[in-house]
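A.B. asks: Place chain B on chain A using the hints.
In order, the protein sequences belong to chains A and B. To get the working numbering, take the position in the first sequence, counting from 1, and add 3. To get the working numbering, take the position in the second sequence, counting from 1, and add 25.
It should be emphasised that the hints constitute simulated quantities derived from the structure, not laboratory data.
Derived pair list, reagent style DMTMM-like, types lysine to aspartate or glutamate, alpha-carbon separation capped at 25 Å:
{"#": "1", "chain 1": "A", "residue 1": "K124", "chain 2": "A", "residue 2": "D101"}
{"#": "2", "chain 1": "A", "residue 1": "K158", "chain 2": "A", "residue 2": "D196"}
{"#": "3", "chain 1": "B", "residue 1": "K73", "chain 2": "A", "residue 2": "D23"}
{"#": "4", "chain 1": "A", "residue 1": "K251", "chain 2": "B", "residue 2": "D102"}
{"#": "5", "chain 1": "B", "residue 1": "K169", "chain 2": "A", "residue 2": "D23"}
{"#": "6", "chain 1": "B", "residue 1": "K214", "chain 2": "B", "residue 2": "D34"}
{"#": "7", "chain 1": "A", "residue 1": "K36", "chain 2": "B", "residue 2": "E128"}
{"#": "8", "chain 1": "A", "residue 1": "K171", "chain 2": "A", "residue 2": "D196"}
{"#": "9", "chain 1": "A", "residue 1": "K36", "chain 2": "A", "residue 2": "D23"}
{"#": "10", "chain 1": "A", "residue 1": "K36", "chain 2": "B", "residue 2": "D102"}
{"#": "11", "chain 1": "A", "residue 1": "K36", "chain 2": "B", "residue 2": "E125"}
{"#": "12", "chain 1": "B", "residue 1": "K250", "chain 2": "A", "residue 2": "E241"}
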Amino acid sequence: MSGPGIPNYLDYPWRRRGLDHDRFLHRNLPQAKPVVWPGKARVALWVAIHVAHFPMDMPRQPFVAPGGVDRPYPSYWDYTQRDYGSRIGIYRLMRALDARGLRATALLNAAVATRYPALAKEIAASQWEIVAAGVDMGRLHHGGLAKTDERALVKEAVGALRGAFKSKIRGWHSPAHSESMRTLDLVAEAGLDYVTDWINDDMPYPVNAESGKLTAMPLAWDLSDLHLLFQQHMDTSEFVEQVLRAFKTLYAEAAQTGSGRILTLTITPWLMGQPHRIRALGAMLDRILEHVGVWPATGAEIVDAWHAGG
Amino acid sequence: MLAEPGHYDYAPYTGRPRIVWPGDARIAVWLAPNIEHYELEPPNNPRKVPWPRPVPDVLNYSHRDYGNRVGFWRLADVMARHGVRGSVSLNVAVCDHYPEIIERCCELGWELFSHGTYNTRYFYDLSEDQQRAVIADSRETILKYSGQSLDGWLTPAITNDETTQHVLAEEGIKYTLDMVHDDQPMPVKVRNGRLISVPYSLEVNDVPLFQNRNTPVERYTAIVKAQFDQLYAEGAESGTVMCMPLHPYLTGQPQRIAALDEALAHIVAHDGVWLATGREIAAWYTEYYYDAFSKWLAAGTPGGRR
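Chain B with its partners taken away, still in its complex shape:
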């Protein structure tokens, strides 16, 4: 076992090359709806049991199914009303199961990136060839249904194995979301090729908040606003990234959807906000800051108040 991921060296939040986002924006805000399918009868994995109850876990399966039947449509309407695009963390089998959902995403100009094939097919214990096969499947499926290239990656159910980031880079993935170690994009150390991390979030993520931490609805809006206000303020010094992961089966519920509406209204009312997709953030950073950050890291992170 590894004692640390080994994909990055320590980088203080000071003395870094200054990031300026397009249009002189100080913060890049991106929304990542996780559009998923959890299988009723998934195969066994040695390290993770898919359902808390015996199969069929009707309660938990159908809870997630709500997202595709009802929640997604509500979520998409609210985001469209605020002019905010999504970057879809997509279990790509959704393209085959529910192509109407993909059509709606494309109609709204959303990015599709891969969240594996199903959310019940983990990367734990997959061989590298098996990991490559899943990535190739994602690339082909996303291209076939949307005409888009596969640029981003979040391992299904965050079950990446030790070699996954290396395999991603070798397969031409441009950005990974498997690590939440920073509020800015960062170069990822991989054995071949080039990969960057783009900030995802476990803090303003509706699963930990609504499902694990029992967060009241109004608190959700307050947390999102507080996260935004701080990153917006810090963005005056150097551009920051705020990610809002969403799950239609939770935030798309009738008792919660207004909380997203209120949070987005707060964000879009500010100047200097770049409403971006994951792909756009990764591309801008790679174009203008990858080399500067790599050089700064290679030089031992000079600067700051030291």
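Same shape as in the complex, but just chain A:
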């Protein structure tokens, strides 16, 4: 039996050359213009750290952010496990990175900076780059948000972080990689110039916004500790294995194509900052850094080098 069908279901308003939206152009990576990194490095190593705050009363709608609290309220376990990241885990990450001369990019919920000024000072002292990552993990940007409310959210996050840090804030990350159709316009309006939510490329690309151009940066999701360790319940050794495999592929590809590549190490203080994992992180970094032609850089430094040499 077949019914009457669904009216207008076979209308395809966006069927055309290119993507089904106007935010950016389609690009086939092998046809992208080669980019030369500083020192002719093969692979830029971008360490991006989710420094997030998960309120214990965070809403479950419209969806729970990855890593979000989903046990019944009041979940002390979920709340404190994540809070551990800001109290302990992140300091372990700082020591591991400092020991290797690496500066990270902090994808920072504004709530962390306002709640924990001592941590903000330590992050500044480590000369990490600050990327504005919204207010907190309970305040998602999504299609159901009114424009004025979303504009206020962006303003609150960027304003608080500009107040807490002297360094210029250029990047944006929406909590949970979630956006409305207008998030990027509001981010550009707030004076930021690069964004990290779309996980569709290994290299930067230009993005359109109402008030100008943004640059998309390839923040890892598939290869993040949040996805592999927390969501997929993988062992630490599998996370390390996958990062090193990705590095090997990208390192070889850079040599083959003559174009620099980016390995984005997206890590989370309450996961990789655990005592039983921190040495694995250090050993993994050492394996990468022993290669010739690795350029450790912040997100903003990579954006600038891409514009200069892309």
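C.D. replies: For chain B alone, coordinates are given in the frame of chain A:
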């Protein structure tokens, strides 16, 4: 509702007519890259919600977009290096959106078959006329961009409705992949015309493995090898089929691509392997075994150890 698909009768894995593949091969191995486009703002369907998050689901949309921008190109290079062709499970709108991808497939001698128009346009609740319209669109689009005939079919997101297989046969589709009930091609019972099923796979498929079952990368290679080794061994008695469905947005990631490379190296190192396309498997079976199998099924599957 139906209690079973009704497209086949029970057929034991014993006493069957013996299949021999071209060149006396014992196993037909075929790779099915799913080249897809998931829409940012798809229409509603009564039985399936396209995205887990509210539109725009930037995370999940862009994850899939990675396949077309990056993953496909990596996948195609690895397959070409091993001399393995693909049979593309194609959302045909990809021809319009990203014709360079189709050019690369054609340059490599890959088959294109239809996986619907978009992976966000389901067959649930479509009328038969609407199903026919999608099939006709696929036929015209594939012909226009590749010069190929449309022979194979996998319903987008495996959302076939009760009548879909009948409609496929009436529209001249030669093989369907909507059923995973066998390791050999089988005749499909349809109200008009002739249709066969060719084995697809939900077992050595990268979506269930990497996305749903959290499979470590090295385990993926081990699973593919084990699947191959067993079907290769059984192929000494009668030819088997192994399908490797691939999704460029998953297997084309830099941390996973070597796993495919290693699996293919294992397969192509064996003699007696027919590296085929879906169309070639369907054609060989239809030519030499369709009648024999139909006769055997009609006779009540005689033979075996009974």
